[in-house]
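Top line first, the protein sequences correspond to chains A and B. The letter at position 90 of the first sequence is residue 90 when you use the working numbering, and the numbering goes up by one with no holes. The letter at position 21 of the second sequence is residue 21 when you use the working numbering, and the numbering goes up by one with no holes.
Do not take every clue at face value.
Each computed DSSO-like pair below joins lysine-lysine, with the alpha-carbon atoms no more than 27 Å apart [unchecked claim]: (1) LYS20(A) <-> LYS64(A); (2) LYS56(B) <-> LYS67(B); (3) LYS56(B) <-> LYS42(B); (4) LYS42(B) <-> LYS20(A); (5) LYS55(A) <-> LYS41(A); (6) LYS66(A) <-> LYS14(A); (7) LYS42(B) <-> LYS14(A); (8) LYS55(A) <-> LYS20(A); (9) LYS41(A) <-> LYS14(A); (10) LYS64(A) <-> LYS14(A); (11) LYS64(A) <-> LYS42(B); (12) LYS42(B) <-> LYS66(A); (13) LYS41(A) <-> LYS42(B); (14) LYS41(A) <-> LYS64(A); (15) LYS20(A) <-> LYS66(A).
No lab work stands behind these hints, which were simulated from the structure alone.
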Amino acid sequence: GAVVSQHPSWVICKSGTSVKIECRSLDFQATTMFWYRQFPKQSLMLMATSNEGSKATYEQGVEKDKFLINHASLTLSTLTVTSAHPEDSSFYICSADLRDSNEQFFGPGTRLTVL
Amino acid sequence: QKEVEQNSGPLSVPEGAIASLNCTYSDRGSQSFFWYRQYSGKSPELIMSIYSNGDKEDGRFTAQLNKASQYVSLLIRDSQPSDSATYLCAVNLVYGQNFVFGPGTRLSVLP
Numbered sequence: 001g002a003v004v005s006q007h008p009s010w011v012i013c014k015s016g017t018s019v020k021i022e023c024r025s026l027d028f029q030a031t032t033m034f035w036y037r038q039f040p041k042q043s044l045m046l047m048a049t050s051n052e053g054s055k056a057t058y059e060q061g062v063e064k065d066k067f068l069i070n071h072a073s074l075t076l077s078t079l080t081v082t083s084a085h086p087e088d089s090s091f092y093i094c095s096a097d098l099r100d101s102n103e104q105f106f107g108p109g110t111r112l113t114v115l
Numbered sequence: 001q002k003e004v005e006q007n008s009g010p011l012s013v014p015e016g017a018i019a020s021l022n023c024t025y026s027d028r029g030s031q032s033f034f035w036y037r038q039y040s041g042k043s044p045e046l047i048m049s050i051y052s053n054g055d056k057e058d059g060r061f062t063a064q065l066n067k068a069s070q071y072v073s074l075l076i077r078d079s080q081p082s083d084s085a086t087y088l089c090a091v092n093l094v095y096g097q098n099f100v101f102g103p104g105t106r107l108s109v110l111p
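From just these sequences and the hints, can you work out the full model?
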């Protein structure tokens, strides 16, 4: 149980385009999902906390107009990187909170490369 | 002061030895503590969670928590080369809210 999927697993896009990443909890309902970014050889950086049916809470320094988060259902959250630039190239990972156990389970991650 | 601190390593141990990974946290009100393992290029995988003082054992892994010292550790017995990874300590201040991750300790188990 507690499986989280992400799609796509990797994406290459041109500078200026937008990229949507999906995060799904496959066998449980997640009222809260988290989006992280990880640059090479660095730790996870929390970008935002996403609650079903409400606006995401963004961490300081993360542009909410650039990283659009939608959590439309208890099993799906999406992150859209708008007008992507090479500096947005990173490993984006979502996690979902298994409410009764207070444990977070991570998706496999999406590697974004912006040319 | 960083909220969650770990020695970045690398920590090298011979196969079969005990690997000891340490983590300290700054917020005394922290409630929940987690250890994740992350292989290169992969996402983190939950190994252990611990909520109360003392030891918690799961197979070759033992988590130790000392809230008075604001310290949590992970012991890996009979270390295997497949245990070579980065180990992330995570702390949760409020139940149901986001975790704070440490920078991770890179462990290398030498055959």
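Next pair to validate is LYS20(A) with LYS64(A); report whether the Cα-Cα distance is within 27 Å. Cα-Cα ~14 Å, so holds.
Given hint LYS20(A) paired with LYS55(A) - CA-CA distance at most 27 Å: Holds, at about 17 Å.
27 Å Cα cutoff - pair LYS42(B), LYS14(A): 24 Å, holds
Does the alpha-carbon distance linking LYS64(A) and LYS14(A) stay inside the 27 Å limit? 21 Å, holds
Keeping to a limit of 27 Å between CA atoms, is the pair of LYS42(B) and LYS20(A) held or broken? 20 Å, holds
Do the alpha carbons of LYS41(A) and LYS42(B) lie within 27 Å of each other, as the hint requires? Holds, because 12 Å separates the two Cα atoms, which is no more than 27 Å.
Given the hinted pair LYS55(A) and LYS41(A), is their alpha-carbon gap at most 27 Å? Given that 27 Å is the threshold and the Cα spacing comes to 31 Å, the pair is violated.
LYS42(B) paired with LYS66(A) [C-alpha distance capped at 27 Å]: 25 Å, holds
Is the straight-line distance between the alpha-carbon of LYS56(B) and that of LYS42(B) 27 Å or less? Holds: LYS56(B) and LYS42(B) sit about 26 Å apart, inside 27 Å.
Please verify whether LYS41(A) and LYS14(A) have alpha carbons no more than 27 Å apart. It holds: about 24 Å lies between the C-alpha atoms, which stays within 27 Å.
Straight-line alpha-carbon gap LYS56(B) to LYS67(B), limit 27 Å: 14 Å, holds
27 Å limit on alpha-carbon distance, applied to hinted pair LYS41(A) and LYS64(A): It holds: about 25 Å lies between the C-alpha atoms, which stays within 27 Å.
Hint 5 from the list above is the single one not met by this structure.
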